[in-house]
Amino acid sequence: MAQWAWLVALFPLLAFALMEVAPGRLRLRRDTLGTVAVAASFVVSLAVLVDVWAGARAAASWQWAQVGPVQIPMGWQVDPLSAVMLVVVNLVSLMVHVFSLSYMEGDVRYGRYYAILSLFTFSMLGLLLVDNFLGLFIFWELVGLCSFVLIGHWYEEKANSNAAMKAFLTTRVGDVAMLIGILVLFAHLGTLKYGDIWSAAQSGQLSLDVITTASLLLFGGAIGKSAQFPLHVWLPDAMAGPTPVSALIHAATMVAAGVYLVARAFPLFSLSPTALYWVAVTGGFTAIFAATIAVVQDDIKKVLAYSTISQLGYMFLGLGAGSLVAGSFHLVTQAFFKSLLFLAAGSVIHAVHTQNLHEMGGLYPRMKWTAWTWMIGALSMAGIPPLAGFWSKDEVLLAAYRSPYPILFWLALVAAFLTAFYITRATWLAFFGTARDEQRARHAHESGWRMQLPLGVLALLAAGAGLLGASWFGHPFTHFIAGSVPAGTHLAEPEPAGLVQGLALLAAVAGIAVAGGIYGGGWVSRASLIRAGRPLYVLLKRKYFVDELYGWVFVKGTVALSWLTGAFDRYIVDGIVNAVGWLGVQLAYATGDFDQAVIDGAVNGVGQAVEGGGRLLRRAQTGYVSTYLVTLATAVVAVLILLVLRR
Amino acid sequence: MATSLLPLLPQLLLVLFALAVLLYDLGNEDRPGLGSLAMLGPLAALLGLGIVAGHPGEYWGRMLKVDSFSLFFQLLTYAGTFLVILLSRDYVERQPIHRGEFYTLILLAGVGMSVMASSAELLMIYVGLELMSLSSYALVGMIKRQDQSIEAALKYYLMGAVTSAILLFGISLLFGITGTTYLPDIASALALTKDIQGNLLLIAAVVFVLAGFGFKVSLVPLHMWTPDVYQGAPTPITAFLAVGSKAAAFAGFIRLLATGLPAAVSLWQPLLALVAVVTMTYGNMTALAQTNMKRMMGYSSIAQAGYILTGLVVFTPDSLAATLYYLLAYLFMNIGVFACLIWVANQQESEEIAAFRGLGQRAPFYAVSLAIFFLSLVGIPPTGGFMGKFYLFFAAVQSHYVWLAVVMVINSVISLAYYYGVVRQMWLEPCLPAAPGAAAGGTSRWSMPAARASTSTPPAAASSTPEKAQSWPEPTKPASLALGVAVVISLLLVLLLGLYPQPFFEWVGKAALLG
Amino acid sequence: MIPLGYILGFSALLFGLGLYGALTRRNAIRMVMSIELMLNAVNVNFLAFSRYLNPGDPRGSIWAIFVMTVAAAEVALGLAIILMLSRRQDDIDVDKVHSLQG
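Protein chains in written order, with this note's numbering: chain H, 1 to 647; chain A, 1 to 515; chain B, 1 to 102.
Be a bit skeptical, because a hint or two may be false.
[Claimed, not checked] Stretch by stretch, here's where chain H covers chain A in the computed footprint (C-beta under 8 Å, at least three residues):
1. 153–160
2. 191–201
3. 222–230
4. 381–394
5. 400–407
6. 414–426
7. 502–508
[Claimed, not checked] Straight-line alpha carbon distances no greater than 20 Å define the calculated SDA-like cross-link-like pairs of lysine to any residue that follow:
8. K510/A - Q66/H
9. K144/A - L17/B
10. K96/B - Q66/H
Keep in mind the hints are simulated off the structure, nothing from the lab. All C-beta atoms, glycine included, are put in the ideal place defined by N, C-alpha and C.
Construct the complete structure from the given sequences, taking the supplied hints into account.
Pasting the structure below:
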């Protein structure tokens with residue numbers, strides 16, 4: 001079955017193409033078409049995973065283009081890492097397709113929504129399947145484009161389109177680094193194929209400096225796509241898109257592409273301790289940084305967004321600590337529990353028409369299904385055994401604990417406490433306590449099977465998927481994933497430590513207990529808490545002022561820059577014009593009747609020259625062809641003088 | 001004798017059709033099929049090119065050169081000329097433009113461009129350049145009743161004449177230093193020169209010659225004509241300047257540097273590197289602040305000239321091939337943008353960016369196409385622009401010009417912002433009704449000065465007081481088919497260049513050898 | 001015979017004068033005339049180089065003839081554009097047209 005893996009990407013592409021070209025009645029069936037296509041993809045990807053689990057591998061490559069002696073191949077491959085991710089992406093995408101049938105019902109751009117979902121699914125699957133960096137970059141940009149369109153789905157609202165642009169531009173900053181990283185590898189090795197690059201790197205064809213540089217540049221792309229500090233600012237804003245989109249793109253798949261990139265390039269990263277160190281530090285810092293912000297968010301989607309950033313930080317921490325398994329395992333489990341949380345949040349939002357946690361409360365009796373599935377996701381994320389999040393977080397913590405930088409372990413432990421705290425807070429505020437908005441709570445209700453089914457399926461996985469990597473069964477996932485990297489890659493698979501498991505569990509329970517105490521038990525009033533920690537509260541509430549800082553630096557910077565270019569026109573060019581004018585006057589005096597003698601032998605030589613010079617002085621504005629000519633001539637003469645002097 | 005005229009067949013055919021258009025137009029301004037006759041010109045030239053392709057070599061006392069390089073640029077020229085005439089068909093109906101002269105001049109400019117690309121003798125390159133330039137000056141000022149058109153023509157003419165004198169002075173100095181103006185001979189003479197860096201005359205010659213070509217491709221600081229002329233010229237001519245004129249000037253530029261002045265590389269390489277960086281940055285920064293679409297495309301074309309120039313700076317066979325590839329993609333993406341622009345201008349009687357409001361709902365085909373052309377201009381896969389940029393980056397990084405690649409990538413991010421401004425108008429702003437004049441058959445031509453004076457008001461308001469003083473023949477047919485065809489052709493090629501670049505890679509790789 | 005250097009100096013001066021005129025004049029016709037001056041300097045250069053460095057080689061003269069021919073066409077076109085300008089405004093002051101800017 002593995003050799004048919006390319007079919008996985010084909011179905012959504014065909015669906016998209018059909019949706020775009022098919023006229024008339026078929027157009028109305030875009031939702032069905034998209035859902036069926038993804039379902040087909042899911043079935044195939046499941047078969048592929050089974051096949052790969054049994055040890056099968058498949059790849060195909062053909063020559064796409066040739067530049068001089070350099071060949072640019074294009075091709076696909078399946079290995080354990082991509083096989084697992086194919087299933088995850090297809091599953092989440094399928095769930096989101098089904099969920100959206102109800103959630104997006106009656107939307108103005110319902111058809112387009114499904115078309116772009118299909119295109120996104122295709123691009124994401126393509127990203128997982130390709131066997132080279134150029135293909136990766138192409139799909140990387142395509143998923144970014146789809147994300148851009150979907151964030152701005154309700155573009156009538158200016159804030160939404162701004163968020164879309166912010167997301168696109170911010171991630172492009174990372175892409176700049178990534179593209180250069182790819183080019184560095186290409187320039188040194190003349191190939192873009194993963195396999196060739198890994199073997200070249202491992203055989204010592206690349207110096208350590210080049211490996212470190214290329215790895216860090218690639219990681220730059222991952223920082224942008226996976227919303228790590230300092231490029232994390234776009235993800236919370238991206239919540240402007242429809243909630244199912246947030247679940248698919250901004251929780252489970254596209255944002256995970258950065259993690260996938262580092263995991264995919266692990267044979268390269270693992271050769272450079274420096275690169276791994278920065279991956280770990282960035283991940284560890286982001287994990288705790290975003291978790292603290294999530295604690296004070298009032299918007300249920302923003303809580304989940306910062307939580308996603310924090311969890312992605314965990315994955316990078318795991319990878320940076322040298323454990324491929326920890327990072328990729330958490331990638332899989334997070335995809336399940338976070339998309340579950342997002343869809344559950346969507347169900348709540350659909351019912352109460354608000355995203356503000358303080359306008360919810362008391363929803364449990366009316367939305368038991370949503371509440372229970374949400375709580376499974378929450379407990380899974382908090383790290384309560386035997387749910388999935390516990391096992392994967394445990395792997396990450398363990399890797400950090402055994403890594404050369406144990407400080408990261410303690411950071412991650414605090415982040416684990418905070419995770420449990422903020423998700424408990426959100427749970428309590430949304431579902432329990434008294435309804436703060438009676439009106440909304442009274443009208444809340446479940447929204448039918450199309451929304452409940454995906455919640456159920458994902459809850460099952462958020463609870464059970466962790467058993468794949470559980471120590472009870474001898475870490476089957478570990479052995480499986482290790483097959484994704486060439487033999488000889490250094491994989492740090494640390495000894496389990498009971499201490500780590502105990503501390504992790506303690507942190508989770510403590511987080512839940514403290515949050516439950518404050519919000520449920522009423523130990524302290526929220527107001528007094530805010531009063532006590534006022535500066536800290538403001539700092540967190542404003543997200544450490546990062547947006548403000550960027551706004552200040554970039555907006556002010558752009559203003560300054562455009563002022564500078566304006567000033568260039570105003571002062572430099574004008575100055576030259578004026579100087580030439582002045583020179584003209586002087587020359588006119590000196591040469592006497594230049595006009596008369598040389599050009600037309602007619603009237604008022606000096607006078608006209610003076611007048612002309614004077615006018616020239618006043619022409620302090622572009623639009624005048626004489627200004628242009630003077631600039632042109634000055635530039636030529638200046639360059640001439642420069643070259644002569646440099647001689 | 002007949003055989004010796006053969007290598008000149010495409011150009012001769014083009015001249016023949018130019019004359020045919022001129023004669024057919026005599027006496028009667030409403031001849032049917034004039035545009036179709038003009039379009040046959042470049043098509044015939046393409047056929048002629050197919051014949052000439054089998055006879056590489058140098059003819060006419062080394063005045064004429066048929067090699068893969070010249071074939072490449074001739075093809076580019078003829079394709080560009082064809083598409084520009086396609087764009088013009090609608091436009092000339094709605095504007096007070098004399099069709100016969102207009103098409104004739106376009107064809108003659110095409111002859112000039114193709115001559116520029118098909119010789120290694122500076123004399124021929126100069127004559128080609130002048131033929132192209134003189135035709136362009138006239139074309140820019142073709143809307144005789146419109147102040148901005150005349151102003152643009154005047155500015156273009158004056159600056160062009162001064163720079164062509166500077167260019168000639170440089171050529172005369174080169175002639176003095178080497179005793180020849182045949183580029184390979186110049187190269188071999190310079191190869192014997194010892195102190196390249198210290199030769200005052202040579203420095204002056206190189207600087208002057210670079211200024212001459214740099215002006216035509218609009219490099220900063222020789223760019224100042226570009227936005228004004230782009231804005232004032234008839235829109236199809238703006239497109240022609242952006243793709244045809246620029247490509248031909250780059251053809252001459254590459255031929256000059258690669259065939260004539262490789263020995264003086266230490267003189268021009270650092271200079272052009274600096275110029276390339278300044279050009280792309282300046283173009284992109286200034287484009288950000290524009291409200292007129294044509295003017296914005298003017299600054300965009302300045303920025304693009306900066307990207308293209310990097311290929312010359314890096315100066316390896318790969319980088320030159322990348323330059324050619326980029327020019328190829330650039331042709332189609334720009335033609336596409338201008339086709340959409342003309343379509344919108346026909347509807348809204350305005351060329352302001354605000355006229356693109358609600359295009360996503362009014363005309364999704366044009367809106368989506370325009371978005372794809374923009375993506376290509378920014379360099380986002382899977383478009384030809386991405387492939388071209390990637391190839392350029394690759395060539396730069398391979399020759400250890402990593403910093404140049406970095407500047408380019410950063411610049412392409414900046415450029416996203418102003419293209420996005422248009423995209424936002426298309427989808428994010430409410431729809432505008434078609435201007436009353438357009439609904440009534442487009443009798444009134446839009447008054448651009450009025451639109452400019454009030455850029456903040458919607459164009460519909462600005463054009464609500466159209467000048468009806470003139471009585472130009474009424475356009476009756478809803479002739480948007482030609483524009484649609486141009487968009488489709490451009491779209492197909494932009495995507496083809498992005499998805500299946502192999503044959504084109506081979507082609508430009510061969511052409512870049514200049515053999 | 002006059003040394004080559006003198007002739008080159010003369011042509012450089014002529015070119016400079018022409019450029020100066022093109023930069024400082026506002027009257028379009030005078031600008032065109034100044035540009036002609038620059039082209040004449042080029043011709044002097046070509047002829048001098050041809051005569052002094054490669055006597056018997058006609059190339060310089062050919063160049064001069066071409067330059068003159070093209071210059072004639074250029075002037076004709078320039079006058080046409082200036083004529084259009086003069087129809088739109090009373091004089092041919094090039095700096096009175098500056099609506100295209102920014």
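Now the hints, each set against the structure:
no.: 1; hint: 153–160; verdict: holds (count 4)
no.: 2; hint: 191–201; verdict: holds (count 3)
no.: 3; hint: 222–230; verdict: holds (count 4)
no.: 4; hint: 381–394; verdict: holds (count 7)
no.: 5; hint: 400–407; verdict: holds (count 3)
no.: 6; hint: 414–426; verdict: holds (count 4)
no.: 7; hint: 502–508; verdict: holds (count 3)
no.: 8; hint: K510/A - Q66/H; verdict: 12 Å, holds
no.: 9; hint: K144/A - L17/B; verdict: 33 Å, violated
no.: 10; hint: K96/B - Q66/H; verdict: 55 Å, violated
Checked against the numbered hints given earlier, the structure breaks hints 9 and 10 and satisfies all the rest.
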